[in-house]
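Undergrad: The listed protein sequences correspond, in order, to chains A and B. Counted from 1, the first sequence has number 175 at position 166 by this note's numbering; the numbering is strictly sequential. Counted from 1, the second sequence has number 301 at position 195 by this note's numbering; the numbering is strictly sequential.
Please keep in mind that the hints were generated in silico from the structure rather than gathered at the bench. In this text, all values refer to a predicted model and were calculated from it rather than measured experimentally. Check each hint, because a few of them may be wrong.
Straight-line distance between alpha carbons at most 20 Å, and here's what the computed DMTMM-like set of lysine to aspartate or glutamate pairs gives [unchecked claim]:
#, chain 1, residue 1, chain 2, residue 2
1, B, K213, B, D256
2, B, K490, A, D329
3, B, K216, B, D236
4, B, K459, A, E362
5, B, K224, B, D206
6, A, K376, A, E362
7, A, K229, A, E328
8, A, K383, A, E289
9, B, K213, B, D236
10, A, K388, B, E361
11, B, K213, B, D159
12, A, K383, A, E328
13, B, K487, A, D148
14, A, K388, B, D256
15, A, K388, B, D354
16, A, K388, A, E357
17, B, K142, B, D159
18, B, K141, B, E117
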Amino acid sequence: MEVYLDNSATTRVFPEVAELIKEIMCEDYGNPSSLHRKGIQAEQHLRHAKETLAGILKVNEKELFFTSGGTESDNLALIGCALANQRRGKHLITTQIEHPAVLQTMKYLEGLGFRVTYLPVDGTGRIRMEDLRRSVADDTTLVSIMHTNNEIGSLQPIAEAGTLIKKINPDTLFHVDAVQGFGKARIYPKRMNIDLLSASGHKIHGPKGVGLLYVGEKVKIQPILFGGGQQMNLRSGTDNVPGIAGMAKAAEMLYSHLEEDVNRLYHCKRYFVNGLKRMENVRINGLLPDGSYGEGTASHVLSASFIGVRSEVLLHALEDEGIYVSAGSACSARKPQPSATLRAMGVEKARLESAIRFSFSVDTTEKELDYTLKVLYDKIPVLRRYTRRA
Amino acid sequence: MFTAFLIKYAEIGVKGKNRHLFEDALIHQIKYALKKCEGQFLIHKTQGRIYVDAQTDFDFDETIEHLQKVFGISQICPVVYVRDEGFEKLCDTVVKYIGDVYPGCNKTFKVNARRARKDYPKDSMEINADMGEAILNAYPDMSVDVHKPDITLNIEVRENIYVYSETIPGPGGMPVGTGGKAMLLLSGGIDSPVAGYMIAKRGVKIDAVYFHAPPYTSERAKQKVVDLARIVSRYTGPIYLHVINFTDIQLYIHEKCPHEELTIIMRRYMMRIAEHLARENQCLGLITGESIGQVASQTMSSLAATNEVCGLPVYRPLIGFDKQEIVEVAEKIGTFETSILPFEDCCTIFVAKHPVTKPNVKIIRRHERNLEERIEELVEKALKTDELIIVE
Chain A
10 MEVYLDNSAT TRVFPEVAEL IKEIMCEDYG NPSSLHRKGI QAEQHLRHAK
60 ETLAGILKVN EKELFFTSGG TESDNLALIG CALANQRRGK HLITTQIEHP
110 AVLQTMKYLE GLGFRVTYLP VDGTGRIRME DLRRSVADDT TLVSIMHTNN
160 EIGSLQPIAE AGTLIKKINP DTLFHVDAVQ GFGKARIYPK RMNIDLLSAS
210 GHKIHGPKGV GLLYVGEKVK IQPILFGGGQ QMNLRSGTDN VPGIAGMAKA
260 AEMLYSHLEE DVNRLYHCKR YFVNGLKRME NVRINGLLPD GSYGEGTASH
310 VLSASFIGVR SEVLLHALED EGIYVSAGSA CSARKPQPSA TLRAMGVEKA
360 RLESAIRFSF SVDTTEKELD YTLKVLYDKI PVLRRYTRRA
Chain B
107 MFTAFLIKYA EIGVKGKNRH LFEDALIHQI KYALKKCEGQ FLIHKTQGRI
157 YVDAQTDFDF DETIEHLQKV FGISQICPVV YVRDEGFEKL CDTVVKYIGD
207 VYPGCNKTFK VNARRARKDY PKDSMEINAD MGEAILNAYP DMSVDVHKPD
257 ITLNIEVREN IYVYSETIPG PGGMPVGTGG KAMLLLSGGI DSPVAGYMIA
307 KRGVKIDAVY FHAPPYTSER AKQKVVDLAR IVSRYTGPIY LHVINFTDIQ
357 LYIHEKCPHE ELTIIMRRYM MRIAEHLARE NQCLGLITGE SIGQVASQTM
407 SSLAATNEVC GLPVYRPLIG FDKQEIVEVA EKIGTFETSI LPFEDCCTIF
457 VAKHPVTKPN VKIIRRHERN LEERIEELVE KALKTDELII VE
């Protein structure tokens, strides 16, 4: 049996999406900037994709920009806004548990002379409003907070943060990295005081190499790539028509029955957690999915520590049985250091070294989780027998 | 401009009656190395020299890079072929050659002619003198120095005339295949690929064995070893890499033996399995990357303890090397960057905090007796897992 529980790393492309992409690549392959019919056909796919995505986010089509993925969207939002608004101030705020696409970009901006405040998180992996309140100042031009944490699935209080930021300093821009949240929750930038929002295609059963950045109409931002002036001069480069159309199609499919899926996934997650709890010395990192919908933790990410078994070893042991999971997060799995999010939460060493991330998708079934639990029941006691003795 | 290479070899030259065997092996290796290069080459042996003639267009830098990986070559001389159309024509070509290769034209030089074809109208002394004059006339800033010239301009008169003056160093050593075959214990570390390289340099063909311990070591760790073997194979030719699943043996030792002795006992079983594979594959010895005192399992006592289980000679070319010296070779041969990728190998995964540094062989033997019940069966089973990967 093959069980893919690494959906926060990437997801399987929906067959309907793959079909559409193939059609565009082989038939409607024109460049939307071309004046002839081939170009117009391609442009229509683009227009349709924008309509779909704008409808989902309830924003204006003109406020959507397409990039090469989540990383570029974050880079463009942060660098583009920091530079365009630097005469107003050079202070930026983010959290300690952001994805490297945000953290490393902040490091780069520090090198350019910006001051960055990194908000700490509590034991559940969420920021405290009080810390945010104290940090926003007159010269704060941008706050960037992630919607859903990629390692433990904690949900940040985005709407609350948006209100607070605007109350203290109406000129401060609010960027939300929703790479893990888009496709899993309804996010409405206009209602939540979000000025910029990043999302990625391949985390929502769409293709790799495409991302989205919502930029509110009044936001002052400058490009970081220069060229042919596509996308209103903010993001040059030939439009990735198949990728954009594929991402829109995937989003459309997910959002057409979102609540149903999310409820089912919360149910799966609770079911799985209950199964894990039957084993000794297993700790859930972050909040438990206690039934209250959308409170603090996402439906699709679960981090658990199997004390005494090193993450990498368990990962490979599960792999032998056809089960695919992550140690920490996939993006940092090649570096041997333990998860930055868990460290920021103050989790102790034994838990850091044994943390495994299970991430679900709409394809995940209860049967798959039963199988996974059974394998864990078999393997964990054996692996615990052979650990490095001190 | 250059259309051929003269290959000079060092040690082969002093061989006796079996010299042709070494030369033929070298030609074979050169052919293999050039297979991946752009262009067609004819490799031939003439009067105790090996020539590589390009028969089509080729990429000079790429060809040199590949030739520099063929053990047995001490020097590579890029050669210009000149058809014999009279001495004056030859002088023109040589003058142009100097202008192209030494743009300043202000060096000291001497002409070193060899007349293999005796019906050529000038003898070698005359060629030296007349050619020297032609060069001096063309480039007033050049001067002759017969003792310590900057440039030695070689002119060999055969069917065609060969002109060369540049020498590019080769890797030295002996052609692979002339020294038999040995089994390399290849881990993912820095040392073992270097050890394989050094023994191959003495003409030895290399087979390799890697001990894989899933799930404690990952597929990527195995891929890393395959990648390392591939880099080494650029010098050695194809490597037969045996991958042995070692997990059960390792766990069994972990269960039955004192923890401090785990690494030593584990290494003893690796040596036994490697020897078995070596004998099955006509290898005349084992190769390891050990160096005295580098880690607990490489002290003199530990080496003695691992050595005693193996009947074949164990070659340890790095035995007197410092880590830094090993790293330098690893960087030179291109394995270093791959070696330091952070994947666990089976030696590090269960390592004790304080492993024994002076194991007593008698005690080790006694503790190995704890394994009697199942170890033979497990070794048999491990040998059956042998996955052969041909790396080239």
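Undergrad: Output the numbers, in ascending order, of every earlier hint that fails for this structure.
TA: 5, 6, 7, 11, 13, 14, 16 and 18
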